[in-house]
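Protein chains in written order, with our numbering: chain H, 306 to 459; chain R, 75 to 491.
For the record, the hints were derived by calculation from the structure and aren't laboratory data. Honestly, I wouldn't trust all of these hints.
Straight-line Cα separation of at most 16 Å, EDC-like style, residue types lysine to aspartate or glutamate; simulated pairs [to be verified]:
| id | chain 1 | residue 1 | chain 2 | residue 2 |
| --- | --- | --- | --- | --- |
| 1 | R | LYS467 | R | ASP408 |
| 2 | R | LYS319 | R | ASP298 |
| 3 | R | LYS118 | R | ASP174 |
| 4 | H | LYS411 | H | GLU342 |
| 5 | R | LYS95 | R | ASP473 |
| 6 | H | LYS411 | R | GLU463 |
| 7 | H | LYS365 | H | ASP407 |
| 8 | R | LYS447 | R | ASP408 |
| 9 | H | LYS365 | R | GLU191 |
| 10 | R | LYS447 | R | ASP177 |
| 11 | H | LYS397 | R | GLU359 |
| 12 | R | LYS197 | H | ASP331 |
| 13 | R | LYS123 | R | GLU167 |
| 14 | H | LYS397 | R | ASP410 |
| 15 | R | LYS332 | R | GLU359 |
| 16 | H | LYS312 | H | GLU348 |
| 17 | H | LYS365 | R | GLU419 |
| 18 | H | LYS397 | H | GLU348 |
| 19 | R | LYS402 | R | GLU359 |
| 20 | R | LYS275 | H | ASP407 |
| 21 | H | LYS312 | H | GLU445 |
Remember, it's a predicted structure, so these values are computed and weren't measured experimentally.
The residues making up each chain are set out below.
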Amino acid sequence: MSIIFSKELVELFAKKDTVKVLATTDAKGMPHVVVKESLQLNESNQLIYFELLESSQTNKNMVHSIWFNRPVAVALIGTGGESYQIKGKPVKSIVSGLLFRDYYVKIREQLGDVDLAAVWVIEPVEVIDQRFNIRSREEEIRHPYFKHLDRLAK
Amino acid sequence: MMSIVPKPKATELSFEEVAAKYPQFPRLLLLKTDLQRRGVYYTKQALSKVDPVIHQLGGTHIFGTRDGILTQRPEALILRDGTSVITSPTPLEQNPYIVDFRDGRLVVMDGGVELEEVEYWTKPDYYNLTTSSGIPMSHVASARPQRIYLMPSRYCHFWTDNQGCLFCDIVNNLKQQKSELNLPPRLKPQDVAETIREALKEPGRFTAICLTSGSDFHGAEDFDAEVDYYIEILKAVGENFATPKFPSQLIATAFTEKQLERIYRETGLLSYTPDIEVLNERLFEWICPGKARWVGYQEWKRRMVRAVDIFGRGRVNTCIVAGVELAKPYGFNDEDAALQAVLAEAEDLASQGVSTVYTVWVPRPGSYLRGQKNASLEYYVRLALGLQELRQKYQLSIDHDDYRRCGNHPDSDLARI
Ligand code: SF4
Numbered sequence: 306m307s308i309i310f311s312k313e314l315v316e317l318f319a320k321k322d323t324v325k326v327l328a329t330t331d332a333k334g335m336p337h338v339v340v341k342e343s344l345q346l347n348e349s350n351q352l353i354y355f356e357l358l359e360s361s362q363t364n365k366n367m368v369h370s371i372w373f374n375r376p377v378a379v380a381l382i383g384t385g386g387e388s389y390q391i392k393g394k395p396v397k398s399i400v401s402g403l404l405f406r407d408y409y410v411k412i413r414e415q416l417g418d419v420d421l422a423a424v425w426v427i428e429p430v431e432v433i434d435q436r437f438n439i440r441s442r443e444e445e446i447r448h449p450y451f452k453h454l455d456r457l458a459k
Numbered sequence: 075m076m077s078i079v080p081k082p083k084a085t086e087l088s089f090e091e092v093a094a095k096y097p098q099f100p101r102l103l104l105l106k107t108d109l110q111r112r113g114v115y116y117t118k119q120a121l122s123k124v125d126p127v128i129h130q131l132g133g134t135h136i137f138g139t140r141d142g143i144l145t146q147r148p149e150a151l152i153l154r155d156g157t158s159v160i161t162s163p164t165p166l167e168q169n170p171y172i173v174d175f176r177d178g179r180l181v182v183m184d185g186g187v188e189l190e191e192v193e194y195w196t197k198p199d200y201y202n203l204t205t206s207s208g209i210p211m212s213h214v215a216s217a218r219p220q221r222i223y224l225m226p227s228r229y230c231h232f233w234t235d236n237q238g239c240l241f242c243d244i245v246n247n248l249k250q251q252k253s254e255l256n257l258p259p260r261l262k263p264q265d266v267a268e269t270i271r272e273a274l275k276e277p278g279r280f281t282a283i284c285l286t287s288g289s290d291f292h293g294a295e296d297f298d299a300e301v302d303y304y305i306e307i308l309k310a311v312g313e314n315f316a317t318p319k320f321p322s323q324l325i326a327t328a329f330t331e332k333q334l335e336r337i338y339r340e341t342g343l344l345s346y347t348p349d350i351e352v353l354n355e356r357l358f359e360w361i362c363p364g365k366a367r368w369v370g371y372q373e374w375k376r377r378m379v380r381a382v383d384i385f386g387r388g389r390v391n392t393c394i395v396a397g398v399e400l401a402k403p404y405g406f407n408d409e410d411a412a413l414q415a416v417l418a419e420a421e422d423l424a425s426q427g428v429s430t431v432y433t434v435w436v437p438r439p440g441s442y443l444r445g446q447k448n449a450s451l452e453y454y455v456r457l458a459l460g461l462q463e464l465r466q467k468y469q470l471s472i473d474h475d476d477y478r479r480c481g482n483h484p485d486s487d488l489a490r491i
């Protein structure tokens, strides 16, 4: 079943000052984490980002992921303290065709003389609200043992 | 829709068995390789989804198809990872994969099972135009999703003396293309310049230009005629670029150092691919009699190695028609022995800076070896892994002949990671 994003998350994707991070791994499991400003949602509620460098480690790792069904993770951090993690799987690499051409024109209008290697499409499989107050409340409920006793002393 | 259950030979592993035995080989590339090996059959429903305004139909090709029909089918397929699948429509009785349209999606089927969603290639804008001399630009240059493919001359002079390569149907295909499509057998530089100019207007479409032709041994020195013509055509291509060099590949005869220096100096060419076709001296002499007579196997290898000094490491490679080394009656009887021999020769070349790629042998009806069977899927997987390992071992890049610049070599697709 496809993931439905909350209104807050959709807005977070659209905001210019949101920090968007993509984490991938290579064939040996070595992690690679980069900021990807172009991360956004498409009309099908999938994540897409523009890969400008064909030889980048992220691009190689994305190919590895689509070939071997390995997940990737995206982190979004908003200026208002919002913090989300989205796990997903690359399902498509758009490297040619009419859609690619539209993206190519769009990215060059935005960034000037850059190339576009691929537009990666990531199918989200899990969204985690990473805000500290949310995560700590969850931990309180699920793991009452995970705390130092002095915090509970009279 | 008709369902066809593939029946590999008893000793051959099935698709799933190969997938299980070689988990390091991506399933999408396994499918591509097998689509090339077995070919495809388009159902009526799949063909009804071809829109000639949007999609690229098969047309101007240097080699023919498996079913001998030239036009009105989709040029080829693209998989969801961006992998191109250049494959030939194949008669149903030869057990091809089925391309069908089901539940609003174009899919590849086998044995009634849906394997992958696929897309047809998009037609480039210049396919709608004609040159000032009145030739449709689609007849001047054919397009892959990301490369412009020029075939300046569609005649191979080895055929004149009945010495064409045994897997090749270039001249028979030319005759058919001339009569059915009215293709010019030899391109004029002006038509090429105009076509490239239009092709480059399409944003984000092309990443490389590739030239290939039949061999022409005429000239003051053997093959000077072929060299002169390529220079003429490459100069016409180069008129459209602001830089002296541009991403390009020449697939041609193994020329002498003097000839290659001229090409490199006088044109924008960046890489060179003299196809040796078969990496075995004895079989080269049988399968490529023209190449053997005019250049010779050892000299072909020497010329490739010398070309590295001109074009640089990673910019010279050669292609083999994989599986033809098993052709009857003189080929290897055993796939293990064939693989060992081919990879040993490929390593000899790689250690000297020349990389090897393969295309899957398609025994075309217009070739001498028609009616034969190509190798097992496992053979192609082992060969692809072996060739890519050699590139890694000797640190040879294959950027000019990779999944994007070419898209016809399962082994160089592996270079994406
Ligand atoms: S050299 Fe061989 S493969 Fe190339 S066109 Fe001539 S006959 Fe065909």
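Now the hints, each set against the structure:
no. : hint                : result
1   : R:LYS467 - R:ASP408 : violated (26 Å)
2   : R:LYS319 - R:ASP298 : violated (22 Å)
3   : R:LYS118 - R:ASP174 : holds (8 Å)
4   : H:LYS411 - H:GLU342 : holds (14 Å)
5   : R:LYS95 - R:ASP473  : violated (29 Å)
6   : H:LYS411 - R:GLU463 : violated (38 Å)
7   : H:LYS365 - H:ASP407 : violated (23 Å)
8   : R:LYS447 - R:ASP408 : holds (14 Å)
9   : H:LYS365 - R:GLU191 : violated (22 Å)
10  : R:LYS447 - R:ASP177 : violated (34 Å)
11  : H:LYS397 - R:GLU359 : violated (44 Å)
12  : R:LYS197 - H:ASP331 : violated (34 Å)
13  : R:LYS123 - R:GLU167 : violated (24 Å)
14  : H:LYS397 - R:ASP410 : violated (36 Å)
15  : R:LYS332 - R:GLU359 : violated (25 Å)
16  : H:LYS312 - H:GLU348 : holds (14 Å)
17  : H:LYS365 - R:GLU419 : violated (29 Å)
18  : H:LYS397 - H:GLU348 : holds (15 Å)
19  : R:LYS402 - R:GLU359 : holds (14 Å)
20  : R:LYS275 - H:ASP407 : holds (14 Å)
21  : H:LYS312 - H:GLU445 : violated (27 Å)
In summary, the structure is inconsistent with hints 1, 2, 5, 6, 7, 9, 10, 11, 12, 13, 14, 15, 17, 21 from the numbered list given earlier, while agreeing with the others.
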